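Same order as they appear, the protein sequences are chains A and B. Counting in my numbering, the first sequence runs from 2 upward without gaps. Counting in my numbering, the second sequence runs from 19 upward without gaps.
Think of the hints as simulated: they come from the structure by calculation, not from any bench. Worth double-checking, as some hints may not be accurate.
Unchecked claim - The calculated DMTMM-like cross-link candidates involving lysine to aspartate or glutamate, where the alpha carbons are at most 25 angstroms apart (straight line), are:
1) B/Lys145 / A/Asp34
2) B/Lys238 / B/Asp211
3) A/Lys262 / B/Asp211
Bear in mind that the values here come from a model prediction, so they are computed numbers and not experimental data.
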Amino acid sequence: MTTLTAAPRWRGTDFGTQVLVLTQRSLRTLVSDPRMIVFSILQPLIMLTLFSQIFASIANTPGFPQGVAYIDFLMPAILVNTAMQSALQAGVGLVTDMKNGVLARFRSLPIRSGSVLVARSLSDLVRTAAQLLLMLVFAVVVFGYSPAGGVTGTVAALALALAVGWGLGWIFLAIAAWLRNAELMQTVGFLAMFPLMFASSAYVPISGLPSWLQAVANVNPLTFAVDAARSLALAQPVTGVVGALVTSAVLAAAGWIVAVKGFRRPL
Amino acid sequence: MIEAVDVGKAFGAQKALDGVSVAVPKGTVLGLLGHNGAGKTTLVNVLTTMLPPDSGHAKVAGFDVVAQAHQVRSRIGLTGQFAAVDEQLSGLDNLILIARLLGATPREARARGNELLELFGLADAAKRPSRTYSGGMRRRLDLAASLVGHPEVIFLDEPTTGLDPASRLGLWEIVEGLVTDGTTVLLTTQYLDEADRLADSITVLSKGKVVAAGTSAELKAQVGQRTVTVTLADASDVPKATGALERAGMQPVAAENTLTAPVTSSREIATVVRALDEVGLEATELALGEPTLDDVYLTLAQHAA
């Protein structure tokens, strides 16, 4: 038993190492169970498949941007949508950790509570990036996605979708830190996001919506995110990219403050 | 090593801790005894910096649990009622994770993880996800996890609740080894025998208050001795048996077809058998009763009344 106290004592480590180690941990769980990634892109893949087939004729209606294939119009919206679903999963992941018991362990260690949240957020960013890339590959190979913006535009749209998802992720982390109930979060998140997606410019041009929905879509923050991503992918005059990035940063900052506060409450 | 003075904590109107003071010298074990809801876990949570006290103050390893929470956390280990391990990770990866968070290099962390797994008999399961572990293995991994940083003080919150007897014994031996090495331990338990075996001193909590404190021997003197209970086939033999036991120097109390008498050691069972034999009686059942936590409470309540 003497081996128990023979080695030097460790007293803790800096914030950067804490974040790094904790991020690696979350990613490792992800790699050891890749089913999570596969299943999490099933829904957006199904939407991509259905919408690209069902709504393909929308491209021939007046009000639709001239000379743009529906798949090229749809894909940026799917990227934003997937990033948002993924943001919800960040919150669910935090709640799962809390239930798992491992967070109780972290609380008794000399680490900053913020590092657990930052690590969660970073690993979800990586996971989302992997999801979006898979979606893009699928869209290119199966549906012939080739927007006017080319690779540069597409990568920019992907980066924007990631930024939006990351900012929103902090909101869900904040909700998770206070609510601490995965089922409730999933239900509320789905109920909030599903109508938001449809009452926006995501699947059809706003001018094609009934007038009451147009009113909603015009103030829907998702419309701005989708329009910004689309303008990048389609090499159109860039609109709202700065706005989307600033909004994301504000969401992240607000989420951070609330999340850290909620997270510090005793389990 | 642990010093709590007049610690109070309320959850709404419920006083979980009502002026609790404990002191645990270095290298000793304090057994914190009490039923569910007595305040044991709340006290552990205060001392491990998880929960700030409403009143009073406490120091662990020389640091204040509120003002110097970080220093306290870098010197303690905590094993709670539920295994706090990452079920997705293997046993080894769990320990590496904690060592890294404490500041070990990857190489040091791996060495420490393997060392602990070996010590806790988990080396064969090192690479398996911990969700595949049995309850006993998970508890051992949890205890190993709380030892990664060579803590000066270890808190064990009902470490053997729900464990089978063999795992229980194994855990006791590990704790005894730690204490031999100079670690200070605070152990909460509902089992008198557990406190009896491990603790140098025992504090009994009830409804958030300390109702008794002292060594195991001191407490037992307060609680009364062990008892032997004799069951007779025929209730009409009870007076005859009572007389026989009294002649043997015991003070039996009769109830229906049983007799209960306090004893000082299990050897007195032989005295009982002989005394009964002399009057031509045979017990259908003989049982040695250990004082239980209930007896402690009952006796303490009687003292208080």
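To see whether the hints hold, each was checked on the structure:
For a cut-off of 25 angstroms, the pair hint linking B/Lys145 to A/Asp34 stands: about 15 angstroms separates their Cα positions. Restraint check for B/Lys238 and B/Asp211: satisfied, since their Cα atoms lie roughly 11 angstroms apart, inside the 25 angstroms limit. A threshold of 25 angstroms between alpha carbons decides the hint, and for A/Lys262 with B/Asp211 the separation of about 42 angstroms lies outside it, so the pair is violated.
Checked against the numbered hints given earlier, the structure breaks only hint 3 and satisfies all the rest.
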